[in-house]
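**Q** Produce the complete structure using the sequences and hints provided.
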Amino acid sequence: MSHEIKTTVHLAVRLLARDWRAGELSVLVIALLVAVTALTGVAFLTDRVGQAVEMRAAESLAADLRLGSAQSIDDAYEAQAGQLGLETARVTTMPSVVFAGESNTLAAVRAVTERYPLRGRLKTSERLLGEVNVTQGIPGPGEAWASPRLMARLGVDTGTELEVGGAQLKLSRVLDFRPDEGWSFVDLAPTLLINEADLESTQLIQPGSRVSYQVLFAGKRAEIDRFKPLLEEQIADGENLRDIKGTNPQIRSSMDRSGRFLNLASLVSVLLAAVAVAMAARRYSHRHRDRTALMKCMGASQSLIFRSSLLQLIILAVAGAIVGAILGYLAQLGLAWLMRDLIGQSLPAPGMQPAILGLVTALSILGGFALPDLMQMGKTPPLRVLRQDIEPPPLRYGISWLAGVAAVLVLLLWIMRDTELVLTIFAGAAVTFLTLGVIGWLLVKSLRGFRGAAGVAWRYGLANLARRGRESVVQIVAFGLGLMVLLLLSTVRTQLMDTWRQSLPDNAPNQFLINIQPHEVDAMADFLKQRQIQLPDFVPLVRARMTTINGADVSQMTFEDPQGERWARRDSNLSWTGQLQADNRIVDGDFWAPDFSGNEVSVEQDFGRELGLSLGDELGFDIAGETMTAKVTSFRTVEWDSFSPNFFMVFSPGVLEPYPATYITSLFVDESERGAVLDLMRSFPSVTAIDLDAVLSQVRDVMDKAALAVQAVFVFTLLAGLTVLWAAVQSTSDERRYESAMLRTFGASKKRVLSGAATEFIAIGLLAGLLASAGASLAGYLLATRLFELDYHFSLMLWLAGPLAGMLFVGASGLAATWRVITHAPVNVLRTA
Amino acid sequence: MLTILDNVSLEVGHGESIAIVGASGAGKSTLLGLLAGLDVPSQGEIWLAEHEITSMNEDGRAALRANNVGFVFQSFHLISSLTALENVMLPLELAGAEHAADAALEALRTVGLEPRKGHYPHQLSGGEKQRVAIARAFVVKPEVLFADEPTGNLDKRTGDTVIDLLFRMNEDTRTTLVLVTHDISLAARCDRVLYMEAGRIDRESAGRDAVH
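In order, the protein sequence lines correspond to chains A and B. Per our numbering, the very first residue in the first sequence carries number 1; after that it's consecutive. Per our numbering, the very first residue in the second sequence carries number 834; after that it's consecutive.
Since the hints were made in silico from the structure, they are not lab data. Each hint can be trusted.
Pairs of lysine-lysine residues, derived as DSS-like cross-links and limited to a Cα-Cα distance of at most 27 Å, are as follows: (1) B:Lys950 <-> A:Lys6; (2) B:Lys974 <-> A:Lys6; (3) B:Lys989 <-> B:Lys950; (4) A:Lys379 <-> A:Lys6; (5) A:Lys123 <-> A:Lys170; (6) B:Lys950 <-> B:Lys974.
Some chain B residues close to chain A (C-beta under 7 Å, calculated; not the full set): (7) Ser862; (8) Asp872; (9) Asp892; (10) His910; (11) Ile912; (12) Glu926; (13) Leu927.
These figures come from a predicted structure and were not determined experimentally. Glycine included, C-beta positions come from ideal geometry on N, C-alpha and C.
**A** Here's what the structure looks like:
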């Protein structure tokens, strides 16, 4: 190590250690830790959740990659995959009637090979309602595993001989779960899993039979990434390739969105902490100008001082990043615990990336917010040792702003990885902070009028607040923002939930019945009549795939709205009616008359917009292999939260009637009549009942937990606000110490000086609270009226809670922070001044 | 342009001690700052330890000070976050010296403050602070020691003790001493006394002949 480097390192380490011991760095370090902890805590969590989602997505494919086709798939793909060290399996699915003695039912027969499923595990049991276990392997040749639904329909248990096409198979286990079973309200036929070796003997594959073939691939990420493009190049028409990115796009994007939201929330804390860092750095550089001059006087070069300052910052950043990441990891454990029901499974361990994010955060904050001041400190002329009035050249605010803005941009880009989004957020944040800043400034100014209103302590406190105007505004904004989010998530959220609950009628449906076969409708109506349950409407449902819009092939079309793209790629549930449902309203076009006969369809407004539909468009559908077309003649709005069965596309009577349909309905069953639902399920075993009360309370519970997690993240915002307060108190502590000593010398009691300080902080808290209440009310109003379409009632409670919480919290913390400063014996203070 | 110092010509020999005296505003401290290379004159030349410092940049002058110069100030200039020992160690650390702590401890022992090595400046009296400053000035074994009103903030008795120490160490180490002071009795202990007035050296006398 060269002499110069050695001296720099020595000096930096020693000065840092001594400053640390003397408490010169505490605010800086705490602010840094708050920032890194907030950001890494959230990043660790989102990393774990992201991994879990990916794993679950892979499980829902039962593979990393899945190649599907209606034609049998060339063996060459599997050979290629094998060469790359990937695992493969084949799944062949076809509908077939399965017989068990006298009874029979339609099943989806899935013939699989040895390693199926490549991702996730099968769960089976020895007999119906027996203990469910994770199971290795697949049914042996001559055996079959059936889903409980299939067994219920056949009325059999394990050990029974089944007849599948030309083959006799022994039902050896109950298939309780397969990872790729998917989830939709109206599932296809129940599954019968068999060994591929038996496929031929079933003789189910005949020309014209509806068979779907799949080849599954799984392996290490790098190999999958190598294999996927190879495969994409080769696949034939009619073959489609899916990977986990294409699975569950809704879950993925909502997870992405919530992850980004939490990250942004933590970024608010980071920004506030950065303000505290800047304040602390300013104070530090002010206090150390003499030291710098002295060191120069003793022969330290400017570059040595600069290098050692820089090194000190780097050491601080690295230490802050390490400790902050550890704290962030712990915080994340807490957040994961709060969100456990939302996540619903054990999470994989987080990766290292968040720790790196912590380091980038620490470096950006210190580089952007502390370095300019330290550089300025390094320019202190040595002559200051002889003449105290000599100052370093003034800091160019342009440079320090630029550094701060650059640091924040680096962080945002790192987190969001989307330049356009970052610029939007940046602009949004700048406007928000500016607006809040201006409001805060106006509030501070407005206090002037109250200065003469009470005694000396009051006047002194308010004068202080106005004099330290800039710091006061920052504190008001910091606390205001933190309190606002907490209010929004507690008071406003419960308020909205209550309003929504009140908007539902008492007898809103609480049971949803699906999969009702046409021949069961009358029997079920009789059943309900006997038990004096109000007779619901039975709504027909036909599964179909949209194939054309105005004759153009949907699969070849591109949609502006990604949601539209998704609708176009999947099966739709269609229904028909002669009469518009009570909770539907026509917004464009005309609804047909009850006796109308023709091919018309009424489309839900948002759905139509997402698909880019307009009146007069002709939609083509594939229903069980047959094609059908209908013209769009109206757009409707639907009250989805009425809990009545509703559809995006409703057809005029007669159009869908030739096709196989099932019925769905919803009904209200009083708590005391729950037994009737059980009887109903026994009498109609193929019908599935969904208890909406249970679903709703689960949703509510999940929302509560999610809100709690977001609140926890915003606790960091309050912590950051506290560090800003602390930094502000510390940066004025010399002044405060001197002033309070003077006041006490002139005869003010300790109590009076303290009440002056209390006035100042309580006023800051009050203003922050007002800002928070106003913000939360406005946000609540916008959420209620624009997003949820509910009536919003301004709540007095909210306007009391904000200011009260602000005054208590900020008043108490401010007093605690200044206590020691202003209770110093005046004689000591004046002697050293 | 305001002229602070005018037509000042002065040579100080190795091991010599000189006092610069004069009323407030006469330019004493300005001259001291120039001699030590803390500032540069708008005109003229200054040589320090056989280097022409007026043509050097700030870092060059700093490097020269590091090896040749010690300071004692009126307001002590101890760093409040450092202990007595650490304050004395600082110039050695800046020069990258090995065993800084040992040398600093030795210097503190010389000024009689070894027992207070762990104390912070605010825990020391004025006289003790100045003794720490003297230890700090001598610890680098400077060729030239600049002292700016070293007794200015001290009472008479403490001032005398500090000055005795300063001169004793000066003799022991054969350091050149440049002293700025109001105090004629203090100036009288130097080899030569320069009297300044309105930015000029008005006259000069031998120390023993120093008069108001």
